[in-house]
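> Here's the letter readout for the chains.
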Amino acid sequence: MERADISRVFRAEYGRAVSVLYRTLGDLDRAEDAVQDAFAVALARWPDDGPPPAPAGWIITTARRRAVDRLRREAVGRAKETEAALLRELTAPAGDDDPGGGDDDRIPDDRLRLIFTCCHPALSPEARVALTLRLLGGLTTAEIARAFLVPEPTMAQRISRAKAKIRDARIPYRIPSAPELTGRLRSVLAVLYLVFSEGYTASGGDRLMREELCDEAVRLARVLHSLLPDEEEVLGLLALLLLIDARRHARADASGRMVPLPEQDRSLWDTALIVEGHGIVRDCLRRGRPGPYQLQAAIQAVHDDAPSADATDWRQIVALYDQLLRVAPTPVVALNRAVAVAEVEGATVALEAVEPLRETLSSFYLLHGIRAGLLARAGRTAEAAAEYGAAAALCRGGAERDFLLARRAALKA
Amino acid sequence: MTQYLLSVYQPDGPIPEPEVMARIDRDVTEVDDDMRSAGVWVFSNGLLPAAAATVLRPNDGEVLVTDGPFAEGKEHLGGFSIVDVPDLDAAIEWGRRLALATTLPIEVRPFAG
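Protein sequence lines, in the order shown, are assigned to chains A and B. Per the numbering used here, the first sequence starts with residue 53, numbered consecutively. Per the numbering used here, the second sequence starts with residue -2, numbered consecutively.
Bear in mind the hints are in silico, worked out from the structure with no lab data behind them. Be aware that one or more of the hints could be misleading.
[Stated by the list, open to error] Label-pair restraints from in silico Cβ distances:
#1 Pro314/A to Lys71/B: 26 to 36 angstroms
#2 Gly102/A to Arg93/B: 49 to 59 angstroms
#3 Glu72/B to Pro381/A: 24 to 34 angstroms
#4 Ala380/A to Pro46/B: 42 to 52 angstroms
All residues carry an ideal CB built from backbone N, CA and C; glycine is no exception.
Take these sequences, add in the hints, and give me the full structure.
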């Protein structure tokens, strides 16, 4: 078994393992160290023995054993009471949370506790996202740093401070009680959407997507939905993720090159996810309490409803963006609206809509990428080439960057 | 159990009218009573205004005594409560009630050790 495959498994199970170990150990650093130690064992053993039948269970059991080993070393060394006490707890006869050998479903799912902890209002917004990506998404500090265009040491410090805050202020490991839930949820939704986005359009590496992040985000969105079936924005987020995820297999061609939405082979879209997403959007419409995620989901529903790119109901999309701008007046929403405006009113009008966004979004590669496309359609080829170049320079994801450069090359042809 | 300091930050300037102050006093007292009944109360009291403060500054083994509050600023500590609760969420619940009772911002901070 290749190291890359082992990494992939660990990345997929990281959040679950950390969430269970954190419950057992009561310390995030220890929980992460334990899982990292298990990874080292896997790297040594799995190439020869092959992967275990239930990786999640193996990882948690091995991580727990490694944690016990570490605690033994520390407890003996300095006769530390806390370590010794923890050690006694961990080596006691197995309780009902022992993952056992087989069924992954028997492992308690503490991920929801972990995500509410990571998204606690006592943590800064940046810390919440970073911590969720790290602990639940299993991204490295370097990858998270790239995703947010900050230096790695800054991100490392942000994460370490967040963990310290959780420990020092004693942020509890729990799902919030009913009265607090709606408020606490808003932050969780934002973080999940970001995790999904990172999975769908990877900000680093050569792969366009990190499917396990998308799967993680969708899974957590489903869990949230089952916990809070009447929260419209949870429904909205779930629908949004499903409707975008439905297009996953059409997004990259056989060689991993990015295929943009208008050119995708729609027969590769996942009909079941689209049907499910549409159903949720209709449900949201009936409830009549629109919010940003529901509106974004509706936009994707319109896209997914079109049997071909030409059949897309762009006017409806523009109307939905107009509504979205009213509840979420951000530059990025305005930018995405401009793409839809181009389809209805032409590239020149769309370029005018993008103009006021150029300064605010100057370091955002998609501003340049979208503007390049509009300039090309307006016949302003030299400017389009320059913008494709600027976008590629700012873009960290290999597959997207290749796409942008290919577009620039095509201009000259 | 951890002790948390719930500090009330008061803006400088005139205090609210008597009827408003009376309601605030009543609401704060109610929170205080509930803290005691819940067994979480450690200490609480309001402070006299910043004008009643004296500052001591060490300098080379000497201590300089001056009139006035510690920090120059638009807000001063108006009073505080100390609660002994299991975690931050519990402390925030009490802090939330104090914020509504005092109509002022409350800082919730854990004690060391």
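> Next, verify each hint and record whether it holds.
Structure-based check of all given hints:
no.: 1; hint: Pro314/A to Lys71/B: 26 to 36 angstroms; in the structure: violated, 55 angstroms
no.: 2; hint: Gly102/A to Arg93/B: 49 to 59 angstroms; in the structure: holds, 53 angstroms
no.: 3; hint: Glu72/B to Pro381/A: 24 to 34 angstroms; in the structure: holds, 31 angstroms
no.: 4; hint: Ala380/A to Pro46/B: 42 to 52 angstroms; in the structure: holds, 44 angstroms
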